[in-house]
Amino acid sequence: MNIIIKWYYRLGAPLWFYPLAGKLIPWVTALFLLFLIPGLYMGLVTAPADYQQGESFRIMYVHVPAAWMSMLVYFAMAIAAVVALVWRVRMAEIMIISSVPIGASFALIALLTGAFWGKPMWGAWWVWDARLTSELILLFIYLGILALYNAFEDKKTAGKAMSILTLVGVVNLPIIHYSVVWWNTLHQAATVTAFDKPSIHIDMLIPLLLMATAFKFLFLLVLLLKMRANLIEQDIHSGWVKKIIQDKQKLEENNHV
Amino acid sequence: MSEFINMGGYGFYVWSSFGIAAVVILANIIEPILHHKNALKEADDFYSEES
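Going down the list, the protein sequences come from chains W and Y. Numbering of the first sequence is given in the working numbering, commencing with residue 4 and proceeding in unit increments. Numbering of the second sequence is given in the working numbering, commencing with residue 743 and proceeding in unit increments.
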């Protein structure tokens, strides 16, 4: 019985997940665009200019969602790391490694757009401020996870090591979040929080929430694409890939006749 | 229109930010598509040789 469950987790799940992910991709793409297009239009055109920062505040519509996502992706990876370590679910490891590039990219976008916002507002591209530094560390943690995973030939060991490192890196998340409270920093404090009324005008808030939702669907889209690619690549010699390829070849043969 | 591009004098900073984000996001969508395509092709070759 135990062997059957183990087999299901290690090989059975992809046969079910792979086609499902394929069916979901067009829908997730549609949802991404559905939120992105009005978010961009409202953020760049209709939202009123900020009374202090003028039009430069529009950088917020890509900077803030990217910074939020850099942390949310990591949080999702940390949950998957617990699942991977406790229940030995291989799919959770695939989810972590497939999340790393997009998570690192969100951190990179947050840092770069922050530089392009910091230059006109603070007069500097970069300062060694607590918020900026902890976000940079987050980017390095993402890259470290990727490097560690690729350092092992055996993907079972690689997955375990990666999951442990992912959990260790979680300590950085509250540091990023509270950095603007704990330290006296140049970075402005949060204007949108879960429990207080946001200190931002509704016409400025709506495009921000649209962009944040669009970025969540973007993460889901990239995750599904990358998980499918990683699964085929790693499982090339396994039964489920063989079945998918043979079905595909049969379909092509029938189309030729 | 030129007012929109100018962004109250902040055009360079605003459009650089959105441009960088667009490039990074597009790369994140294209890369897994190519990765998947290559992996499928490799698998396809492997099972074609076998039969």
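There's no promise every hint is true.
Said to hold, decoys possible - The calculated lysine-lysine pairs, modelled on DSS-like cross-linking and capped at a C-alpha distance of 30 Å, are: (1) Lys200(W) with Lys26(W); (2) Lys779(Y) with Lys122(W); (3) Lys26(W) with Lys783(Y); (4) Lys783(Y) with Lys163(W); (5) Lys219(W) with Lys200(W); (6) Lys246(W) with Lys783(Y); (7) Lys122(W) with Lys219(W); (8) Lys779(Y) with Lys246(W); (9) Lys779(Y) with Lys251(W); (10) Lys163(W) with Lys251(W); (11) Lys26(W) with Lys779(Y); (12) Lys253(W) with Lys122(W); (13) Lys158(W) with Lys245(W); (14) Lys219(W) with Lys158(W); (15) Lys253(W) with Lys200(W); (16) Lys159(W) with Lys783(Y); (17) Lys783(Y) with Lys251(W); (18) Lys779(Y) with Lys158(W); (19) Lys251(W) with Lys159(W).
Calculated directly from the structure, the hints in this document are not laboratory data. Note that the structure is a prediction, hence the values are computed from the model and not measured.
We went through each hint and held it up to the structure:
For a cut-off of 30 Å, the pair hint linking Lys200(W) to Lys26(W) is broken: about 39 Å separates their Cα positions. Distance restraint check for Lys779(Y) and Lys122(W): the Cα-Cα separation of roughly 41 Å exceeds the 30 Å cut-off, and the hinted pair is therefore not satisfied. Distance check on the hinted pair: Lys26(W) and Lys783(Y) sit about 20 Å apart at the alpha-carbon level, within 30 Å; holds. In summary, the hint linking Lys783(Y) to Lys163(W) is supported, as the alpha carbons are separated by about 29 Å, within the 30 Å threshold.
The suggested pairing of Lys219(W) with Lys200(W) holds, with an alpha-carbon distance near 22 Å, which does not exceed 30 Å. Among the hinted pairs, Lys246(W) with Lys783(Y) is consistent with the structure: their alpha-carbon atoms are about 14 Å apart, no more than 30 Å. The hinted pair formed by Lys122(W) and Lys219(W) meets the criterion: a straight-line CA distance of about 28 Å does not exceed 30 Å. A distance of roughly 17 Å separates the Cα atoms of Lys779(Y) and Lys246(W); the hinted pair therefore holds under the 30 Å criterion.
Between the alpha carbons of Lys779(Y) and Lys251(W) the distance comes to roughly 13 Å, so the proposed pair stays at or under 30 Å and holds. Our distance criterion of 30 Å between C-alpha atoms is broken by Lys163(W) and Lys251(W), whose separation comes to about 33 Å. Distance restraint check for Lys26(W) and Lys779(Y): the Cα-Cα separation of roughly 16 Å lies within the 30 Å cut-off, and the hinted pair is therefore satisfied. For the hint linking Lys253(W) to Lys122(W), the alpha-carbon distance of about 58 Å lies beyond 30 Å, and the restraint is violated.
Taken as a hint, the Lys158(W) and Lys245(W) pair is honoured in the structure, with Cα atoms around 20 Å apart against an allowance of 30 Å. Taken as a hint, the Lys219(W) and Lys158(W) pair is honoured in the structure, with Cα atoms around 28 Å apart against an allowance of 30 Å. Distance check on the hinted pair: Lys253(W) and Lys200(W) sit about 58 Å apart at the alpha-carbon level, beyond 30 Å; violated. Among the hinted pairs, Lys159(W) with Lys783(Y) is consistent with the structure: their alpha-carbon atoms are about 25 Å apart, no more than 30 Å.
Distance check on the hinted pair: Lys783(Y) and Lys251(W) sit about 11 Å apart at the alpha-carbon level, within 30 Å; holds. Simply put, Lys779(Y) and Lys158(W) have alpha-carbon atoms about 21 Å apart, close enough for the 30 Å limit, and the pair holds. Between Lys251(W) and Lys159(W) the CA atoms are separated by roughly 29 Å; this keeps the pair inside 30 Å, and the hint holds.
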